[in-house]
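Fit chains G and W to the given chain R structure using the hints.
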Amino acid sequence: MSSITRKANLKELADSIGAEFCGEPLTTISAIATLERAQKNELSFFANRKYYQCLLVTKASIVILHPDDQAVCPTNTILSPEPYLAYAKIATWLTQSNKQQSKIASTAIISNTVMMGNNTIIADHVTIESGCKIGNNVTIHAGCVLSDSVTIGDDTTLYPNVSIYSGVTLGSECIIHSGVVIGSDGFGIANEQGKWIKVPQLGSVIIGNRVEIGANTTIDRGAIDNTIIEDGVKLDNQIQVAHNVHIGENTVIAGCVGIAGSSTIGKSCAIGGGAGILGHLTIADGVHITATSLVTKSIHKTGIYSSGTPLQESSLWHKNFVRFKQLDKIARRVTKLEKI
Amino acid sequence: MSSITRKANLKELADSIGAEFCGEPLTTISAIATLERAQKNELSFFANRKYYQCLLVTKASIVILHPDDQAVCPTNTILSPEPYLAYAKIATWLTQSNKQQSKIASTAIISNTVMMGNNTIIADHVTIESGCKIGNNVTIHAGCVLSDSVTIGDDTTLYPNVSIYSGVTLGSECIIHSGVVIGSDGFGIANEQGKWIKVPQLGSVIIGNRVEIGANTTIDRGAIDNTIIEDGVKLDNQIQVAHNVHIGENTVIAGCVGIAGSSTIGKSCAIGGGAGILGHLTIADGVHITATSLVTKSIHKTGIYSSGTPLQESSLWHKNFVRFKQLDKIARRVTKLEKI
Amino acid sequence: MSSITRKANLKELADSIGAEFCGEPLTTISAIATLERAQKNELSFFANRKYYQCLLVTKASIVILHPDDQAVCPTNTILSPEPYLAYAKIATWLTQSNKQQSKIASTAIISNTVMMGNNTIIADHVTIESGCKIGNNVTIHAGCVLSDSVTIGDDTTLYPNVSIYSGVTLGSECIIHSGVVIGSDGFGIANEQGKWIKVPQLGSVIIGNRVEIGANTTIDRGAIDNTIIEDGVKLDNQIQVAHNVHIGENTVIAGCVGIAGSSTIGKSCAIGGGAGILGHLTIADGVHITATSLVTKSIHKTGIYSSGTPLQESSLWHKNFVRFKQLDKIARRVTKLEKI
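Protein chains in written order, with the working numbering: chain R, 1 to 340; chain G, 1 to 340; chain W, 1 to 340.
Hints listed in this document are in silico derivations from the structure and should not be mistaken for laboratory results. Everything numeric in this text was worked out from a predicted model, so none of it was measured. It is possible that part of the hints are untrue.
Since the list can't tell identical chains apart, any single copy or any two copies may satisfy a pair.
Claimed, not checked - In the PhoX-like style, the derived pairs of lysine-lysine whose C-alpha atoms are separated by at most 20 Å in a straight line are:
(1) Lys-301 - Lys-325
(2) Lys-195 - Lys-267
(3) Lys-40 - Lys-11
(4) Lys-329 - Lys-319
(5) Lys-103 - Lys-297
(6) Lys-50 - Lys-297
For reference, chain R alone in the conformation it holds in the complex (with noise of 0.2 Å):
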């Protein structure tokens, strides 16, 4: 349950998304709930049939809802095909706070050759050095660091402690939460007589508008070109993006994902959480890979693609791993067999 930062009728809700919906239109409400949880004059939605029964017995005094289940729902109703998207644009619409006025804290450091945008909120102990371009309505919130060079679009967040390395490009209405890390160097090094010299990664790192980058994920610049991450792109946390990356729009990924270096993912795609992506590889838009998978090679058609082994109890378990090591041998048992 949450507070709403205006008030609204059923009739106004609505309308505020171009919706039908059934009930009495006055029917205001003053928070968001669950379909469980919603009591009087709270608005909840439903989306995922594994609530059917919270939504047959809901207290809630607005319910957002498909319309084939506007019959069974108690209550007064807001009516979409897509109720989750509905409920998005509604929450939005109900929770927007005021943009704040522009305020430069006084412990902020800001080097005088930053072109600062208007309506700029820059927080406490913040580091802001030469040549960086911050755009209008930008908010960076306490703790950050901007290099030398970084480029920072409108309408664009920093939660606190964000670290960016030096030239970096972030586009308008990105969101980047905290702990995240861009343009770091790329994990670049070459071989000499058993000892290990680093390669200079000269490239930077280009991020698009509309990019959600979750906590302590980590973007690496580019050897020599740039490593991308398209408009619209949604990573989630603990993400790991090597150097020469490309992602492209609208593609999101869930939560302890690694990417190797140079490879690229195309537009509308979606990886799990915790998957693996090798080095040098392309992979086709529209591509779903399941949580945990390892992709090995090229992916050039889209589909859903899988890799891993199913959860056991552990006793059961070690008698199939151990017989994984023998699989080959079985497959040739078998062959034999069938030429008897």
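Relative to the frame of chain R, chains G and W by itself:
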């Protein structure tokens, strides 16, 4: 080997945990060391049979061990049926520092609406925003950022560069290590004709008492309800806890585990390093998951569960790896042979 | 493509690494670029056969390559049996910046008991606590925190927002990237009737010379003895190194690897991205582990080791996935058939 903050003799040490001892009661110790490296006047313990040979020849002046191993130990002993636990208590007692006196660094920025407890230490470059409540005996190390309305219970410590988002609650006696992010937005997105719309993350994070959170672990805020970590939970480094996860009392989770959204983990579970837990699952109390297993279904019964395949020399492994693609066909061929 | 900090001609570049060259000795270059994108007056290299077609048509003015490929290259060349290593050295030479002059930011908080070397750069909002020793030519970027008694060797660089706990030692010529945490408590807990008691972590972390540590990597302090990273080790991003791990000289570890407590990794090993290494294991010198493998036993022999299953389209994969649960039974059925 490490310095200790108070001197004690064999009798005092044994008495401090109510244990029996063998040997010269006035033997004093001035440091803690492993069985292998310990010298005269040093304390050690024997809790892992792997180090049995070291026990037989240790030069330590005092060893904490199980009564069954008393006979083979060449030196003074403190006897406990749980020697590792006894060591933990004695080492804590020996290394306790006198609580430093309250100190608020001049470079810390603390909103004048913050309610500050007694005897707090707030280090340099810390930011504490409006409406925060800080308990008694709290220590907040350099570079931490507490956004507005954060609550921190008594005797809790935050190590350097921790980021806590708006509205998060931490209990008493918690230890939060560097780089931890608590309360970042959950990964909530809705698709609108190929583009992704952000779903506002309106819940918060509630963390109980005596919770320890390892370096660079991330815990997202709930979408509507809260993400919850109950009392006594111990999280290692680089764990990802997604929105609306609920972790039950006294559960321990090793490093690099990822837990997807809305999953509920029971009390007193143990999750091995690198494991992945998919979303919307329920895991019963007392379940053990071994390292790097992937949990794809709810687990309703206490027990030990695993997935994965064994490590082999790559040339051998590759033969079996390829055969995995044929596993269903091999099984069908065996069935066919059986019918002949 | 990237700017360079000094101009040089073909002969000077070849001489700088003692290599031979072919072509016009006075050809100058003003930038470094990939074979594919290079233009006139730009330097490139050919070290990966994947880019052979690009070599044949490159517009670069100078290409570093193996003598065997000299004949097909359409432009001036620098010849080396190890062209990637030669490129690393030349690129380093071309992009070296003149060491900035010493500068201590006015917002840096440095205890008056710190021993500070010559020619150091300490950026804004840095905290350096009592008893630290900082070598010559050290650079510490904004937002870093060094707790008490940390030692940093000569010529070492810390990027923004690094956190180093009490008593940690770093060698010379190290590079520590943003978000790294060194010296956090190891995950030591002892069970007392269902509750977990913290075991004090009394060791420290000792890091050798020429070690590079990638963004958001975490290295825990030892329980009693130290965690040790030897000279020349290269760690990528988001690696977790648990307490009392020992990593031998010149070993390289790719991103997202987790190493559990007290494991010892030999010299000159290579660990692929996302691999997991269980605790208390020993891995011999020169071992290679492929990406996302799980190491469950000690490895006593140099070689390449792997685990895991192949990626497939999910519908096919699922059939094999299910069969894995029957693998032991299938093997027994084959044995039975063979006995008929």
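Would you list, in rising numerical order, the hints stated earlier that this structure does not obey?
-> Violated: hint 5 alone.
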